[in-house]
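Protein chains in written order, with numbering that gives the first Met the number 0: chain A, 0 to 201; chain B, 0 to 248.
By construction, these hints were calculated from the structure, which means they are not laboratory data. Keep in mind that a hint or two might mislead.
Covered stretches of chain B (in silico footprint by chain A; criterion: 3 or more residues with CB under 8 Å from a CB of chain A, positions within the stretch not fixed) [as the list claims (entries may be wrong)]:
| # | stretch |
| --- | --- |
| 1 | 98-111 |
| 2 | 138-145 |
With beta-carbon atoms standing in for the labels, derived distance ranges [to be verified]:
| # | chain 1 | residue 1 | chain 2 | residue 2 | range |
| --- | --- | --- | --- | --- | --- |
| 3 | B | Glu59 | A | Ser23 | 30 to 40 Å |
| 4 | B | Glu181 | A | Leu28 | 45 to 55 Å |
| 5 | B | Glu25 | A | Glu183 | 40 to 50 Å |
| 6 | A | Ser164 | B | Asn159 | 49 to 59 Å |
Every value quoted in this text rests on a predicted model; they were computed, and no experiment measured them. Using N, Cα and C, we set each Cβ at its ideal position, and we do this for glycine too.
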Amino acid sequence: MESLDPRVGRLGIPENWGTLEPKSNLDQLETFEVFSIMKENKPFTHVGIVHAPDEEMALVFAKEQYGRRDSTLAMCIANSSNVLVSPFTDNNQNLYDFLEPSKALEDSVSEYQVFHLYKRGKQHQHVGEAEGKGYEDALNRAKEQYDGSKPVLNIWLIKSEHLLSTDEEDAQIWATTPEKKFREATDYRAADKIKRFKQEKA
Amino acid sequence: MKNEAIKELLYKMADDQLVLGHRNSEWNGLGPILEEDIAFSSMAQDKIGQSLEFYSILNEMGEKDPDTIAFTRKADKFKCCQYVEHPIGEYDFSLVRHFFFDYADYHRFELLKNSKVERIAMAAKKFQSESKYHIMHANAWMKQLGNSDVSIERMQNCLNEGIALALGIFEPSPMENVLIEEGVFEGEKKLSERWLSSIQSILSKTELSMPDISTAPINGGRQGKHTPHLQPLLDEMSEVFSIDPEAEW
Numbered sequence: 000m001e002s003l004d005p006r007v008g009r010l011g012i013p014e015n016w017g018t019l020e021p022k023s024n025l026d027q028l029e030t031f032e033v034f035s036i037m038k039e040n041k042p043f044t045h046v047g048i049v050h051a052p053d054e055e056m057a058l059v060f061a062k063e064q065y066g067r068r069d070s071t072l073a074m075c076i077a078n079s080s081n082v083l084v085s086p087f088t089d090n091n092q093n094l095y096d097f098l099e100p101s102k103a104l105e106d107s108v109s110e111y112q113v114f115h116l117y118k119r120g121k122q123h124q125h126v127g128e129a130e131g132k133g134y135e136d137a138l139n140r141a142k143e144q145y146d147g148s149k150p151v152l153n154i155w156l157i158k159s160e161h162l163l164s165t166d167e168e169d170a171q172i173w174a175t176t177p178e179k180k181f182r183e184a185t186d187y188r189a190a191d192k193i194k195r196f197k198q199e200k201a
Numbered sequence: 000m001k002n003e004a005i006k007e008l009l010y011k012m013a014d015d016q017l018v019l020g021h022r023n024s025e026w027n028g029l030g031p032i033l034e035e036d037i038a039f040s041s042m043a044q045d046k047i048g049q050s051l052e053f054y055s056i057l058n059e060m061g062e063k064d065p066d067t068i069a070f071t072r073k074a075d076k077f078k079c080c081q082y083v084e085h086p087i088g089e090y091d092f093s094l095v096r097h098f099f100f101d102y103a104d105y106h107r108f109e110l111l112k113n114s115k116v117e118r119i120a121m122a123a124k125k126f127q128s129e130s131k132y133h134i135m136h137a138n139a140w141m142k143q144l145g146n147s148d149v150s151i152e153r154m155q156n157c158l159n160e161g162i163a164l165a166l167g168i169f170e171p172s173p174m175e176n177v178l179i180e181e182g183v184f185e186g187e188k189k190l191s192e193r194w195l196s197s198i199q200s201i202l203s204k205t206e207l208s209m210p211d212i213s214t215a216p217i218n219g220g221r222q223g224k225h226t227p228h229l230q231p232l233l234d235e236m237s238e239v240f241s242i243d244p245e246a247e248w
């Protein structure tokens, strides 16, 4: 096998290279947004993204990528291209105040999951679901149900059918994470040992 | 007699986990994508943790401490099956081994959850929760690569070539009857039946076919007979430990 290391292969200029070729696209996999429930009675919160070839693998990767350290109770994922993102407001402005009645109504009703961002730098969190004839309609339904005292800076809508969640019956996969403190650098208390060593030497 | 039989069971399980955990960790930093690298390394780490628990139980039964057991024995004292000691090969080989071995693991823990030895039953219950994720991971990959034109042939070759080694996981132990009679473990035969039905069920969701299970198993590992691959692995694994076996880490 030829080396894939660019440091090894970079001098391999072919003979008769002639014409210049357009740069090709990267063969990146699609990205999936990952949401976790970290504690009992807390909502799904966005934790990051994973690359994966499909939904099932995205969920499998997400479990170790985002669940290997912090305690987790459930996870779900959605293809990034299925996440509908609203504009951002300035701080303290509520996005729902700028919402206009939906003009284009679709024929059929879809169910969307609604995620709110309450603070810049924080993560979106799940607030509930809203049905609507298209996303504009669903946003207006969401306003009726979820517009509360806190300003909402940004909203994500994801059709329910586009979310894949871990099964309740597989809940055991999260069981031993709290016992894996050895994965944390802080669990290896080298400083104490060095201190003791120095005291013994002194 | 009963204690010797239990020790034999613990040694083979622990040695399997330690050796395969070490092998799979060789992919660390080389996985096909970052997400897979993390997942595969995490599972390797789970296996090392499981071996530590089984060596600790052995220690409580009068054997030496876990580090000494893990790092100072020569290859012929190891009771792992030969499958786990083979080099990682290309990713197809490692994934198929992961699929075959971790299903055996999952069902072994399922059976051991009912063990009359409470210490073992508790460990099995805990490890099955880790193993559950391992088989979810294996399933996803088998479906991914077992349904794609570019990979079916390679995966099928690994299944065909791996089956004799995989059947060696279930090499019966001389004292197995004692374990069965005493309600410690229901035995390799029962385990292999459950394993087979899972393997068939997953492969039926792919374009892959069942490898020939009438193939003669490659046995010997459980009696300390190993391939030339094991000793170099053990030498490398214990390299740092051997510099100063008395050192406190």
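Right, here's what the structure says about each hint:
no. : hint                              : in the structure
1   : 98-111                            : violated (count 0)
2   : 138-145                           : holds (count 4)
3   : Glu59(B) - Ser23(A): 30 to 40 Å   : violated (60 Å)
4   : Glu181(B) - Leu28(A): 45 to 55 Å  : holds (51 Å)
5   : Glu25(B) - Glu183(A): 40 to 50 Å  : violated (23 Å)
6   : Ser164(A) - Asn159(B): 49 to 59 Å : violated (36 Å)
In the structure shown, a violation is registered for the earlier hints numbered 1, 3, 5 and 6, in ascending order.
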